[in-house]
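> Listed below are the residues making up each chain.
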Amino acid sequence: MTAAIGAGPYSDVIRRRWRGPRFRGELTGANRVAEDVNPLCGDRVRVMLRVEGDAVAAARFVGDSCAICTAAADVASEMVEGRPARRGAVAVPDVLEALQADIRPTRMRCVTLPVSVLDAALGDGRAAAPAARSARP
Amino acid sequence: MTLDELTRPDFPILERVVNGRPLVYLDSAASSQRPRSVIDAMSRYYERSHANVHRSIHTLGEEATELYEQCRDAVQRFIGAAAREEVILTRGTTDGLNLVADALGHALAPGDEILVSEMEHHSNIVPWQMAARVRGGAVRAIPVAGDGRLDLDAFRRLLGPRVRVVAVAHVSNVLGTINPIPEIARAARAAGALTVVDGAQAAPHLPLDIQALECDFYAFSGHKMLGPTGIGVLWGRRDLLERLEPTRGGGEMIREVWIDRAVWNDLPWRFEPGTPPIAEAVGLAAAVEYLEKLGMTRVAEHGRALAQRAVERLSAVPGVTVYGPPAGTPRGAVVAFSVAGLHPHDVAALLDAEGIAVRGGHHCAQPLMARLGVVGTARASFSVFSSVADVDRLAAAVAGLDAAL
Numbered sequence: 655m656t657a658a659i660g661a662g663p664y665s666d667v668i669r670r671r672w673r674g675p676r677f678r679g680e681l682t683g684a685n686r687v688a689e690d691v692n693p694l695c696g697d698r699v700r701v702m703l704r705v706e707g708d709a710v711a712a713a714r715f716v717g718d719s720c721a722i723c724t725a726a727a728d729v730a731s732e733m734v735e736g737r738p739a740r741r742g743a744v745a746v747p748d749v750l751e752a753l754q755a756d757i758r759p760t761r762m763r764c765v766t767l768p769v770s771v772l773d774a775a776l777g778d779g780r781a782a783a784p785a786a787r788s789a790r791p
Numbered sequence: 009m010t011l012d013e014l015t016r017p018d019f020p021i022l023e024r025v026v027n028g029r030p031l032v033y034l035d036s037a038a039s040s041q042r043p044r045s046v047i048d049a050m051s052r053y054y055e056r057s058h059a060n061v062h063r064s065i066h067t068l069g070e071e072a073t074e075l076y077e078q079c080r081d082a083v084q085r086f087i088g089a090a091a092r093e094e095v096i097l098t099r100g101t102t103d104g105l106n107l108v109a110d111a112l113g114h115a116l117a118p119g120d121e122i123l124v125s126e127m128e129h130h131s132n133i134v135p136w137q138m139a140a141r142v143r144g145g146a147v148r149a150i151p152v153a154g155d156g157r158l159d160l161d162a163f164r165r166l167l168g169p170r171v172r173v174v175a176v177a178h179v180s181n182v183l184g185t186i187n188p189i190p191e192i193a194r195a196a197r198a199a200g201a202l203t204v205v206d207g208a209q210a211a212p213h214l215p216l217d218i219q220a221l222e223c224d225f226y227a228f229s230g231h232k233m234l235g236p237t238g239i240g241v242l243w244g245r246r247d248l249l250e251r252l253e254p255t256r257g258g259g260e261m262i263r264e265v266w267i268d269r270a271v272w273n274d275l276p277w278r279f280e281p282g283t284p285p286i287a288e289a290v291g292l293a294a295a296v297e298y299l300e301k302l303g304m305t306r307v308a309e310h311g312r313a314l315a316q317r318a319v320e321r322l323s324a325v326p327g328v329t330v331y332g333p334p335a336g337t338p339r340g341a342v343v344a345f346s347v348a349g350l351h352p353h354d355v356a357a358l359l360d361a362e363g364i365a366v367r368g369g370h371h372c373a374q375p376l377m378a379r380l381g382v383v384g385t386a387r388a389s390f391s392v393f394s395s396v397a398d399v400d401r402l403a404a405a406v407a408g409l410d411a412a413l
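Line order of the protein sequences matches chains A and B. This note's numbering puts the first sequence at residues 655 to 791. This note's numbering puts the second sequence at residues 9 to 413.
Derived by calculation from the structure, the hints in this document are not laboratory data. Model, not experiment: these values are computed from the prediction. Hints may contain errors.
On the chain B side, residues computed to face chain A include the following (Cβ under 10 Å) [stated by the list, open to error]:
no.: 1; residue: P20
no.: 2; residue: I21
no.: 3; residue: Q137
no.: 4; residue: L350
no.: 5; residue: H351
no.: 6; residue: D354
no.: 7; residue: L358
no.: 8; residue: A365
no.: 9; residue: G369
no.: 10; residue: M377
no.: 11; residue: V382
The beta-carbon is built from N, C-alpha and C at its ideal position, and this holds for glycine as well.
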């Protein structure tokens, strides 16, 4: 028996990004890093950026995270590469649109967490909240 | 007739269809559902008897007071308390544990220690951290052994002369472990410490004889035992409650007030400032009566059998890890599990698509999650209305999850 999941939050984009995230992993030469946790579920995401000049040359993320959060982090990382290294470079509506999924309010934090961590990295590049333990890749 | 066949018609919410499938509600450890008798008792109270308690001389005031105090009597009977004055009505388990931690915290001295177990819910950890921080005390952890039970040898080693409080769950809300409260409480008392028990997962499922548990305080919630949200119970030994200073002031809890001082009311009202949750007390009394009619021995056996079946069925699914005491060990009506390659939130969401409600996440037990080496788990939990068919639908749906994402 396969779960009936045709509708709902798990779009093809999310499934594809969850199974094979392209931007997941450590980033050599990262010079901006931020990390935060979702207090509702304990998910933890760290975003690493390599900023060259005024632009983001590379972005990667690691974390203990669900499919939606992982997919959102992957999409956000892809979007930010090549963009100006300043806050607001990637916004939640852009990521939601790219995910092509029906995200319910109870799961919205799964999308906003990686975007806000990315934003923190684009800002002062320090952890948005003190990291009690490091995220696992 | 099985217990669920007997009780299911009493729970209107079980008629719901969720995502096109009949609801399978397996999240009673977070909050159970209510039988019609509880819903009706609360509606009847609001329609016929509502007024404030303990202060209005008119007929409705007397009725409301009588109904409110009947809840205390029902709870006293339900848990086997020696006196009704030992039953303090709170807003829930968290509220009761905070009340004790606040009050006992005043008596802590720098260097005093509080032992909590590694399997505690945050509500039996954080209030103690707050109390310890104010007074310069320290919170230490009783470790959980590999079999999901408390390491009692380590506990005895930790029970030094500075330990003032031992705070433990009766039943773990994740592992389902039933902790040996009398043994823990005896050891604590011998070391000069008080034992505070989080009974949130025990009161709905186990026959309680509070005096036989030998602990000093015991807290539980109405909404996990078929009653309403917003009400719970803190039981305490009368001699201790008499000595405990209230930490929250207001109406109800005083005998006399002057501008510069006040004299406290008698027990139990000393710890119940302000207008209490009256309709909720009416609902809790109805829930207690409902459980008593079923018989708690039978309720316990039902929960145990379902948990056992869930452990067996889920363990047989490839890629599924079940946490907690090994099969055959008595456990509460809760089974935590994980599915290889799937995050617990995704497990919960995918099961929801099948009409099956389980909890996914850290279950407010992050130190235990760290001990287990996971970010969270899925958790199925049972109540009197849960059935073998519910467990089997869960197991079948979990077996289909590996292909779902």
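> Which of the numbered hints are not met once you compare them with the structure shown?
1, 2, 3 and 8
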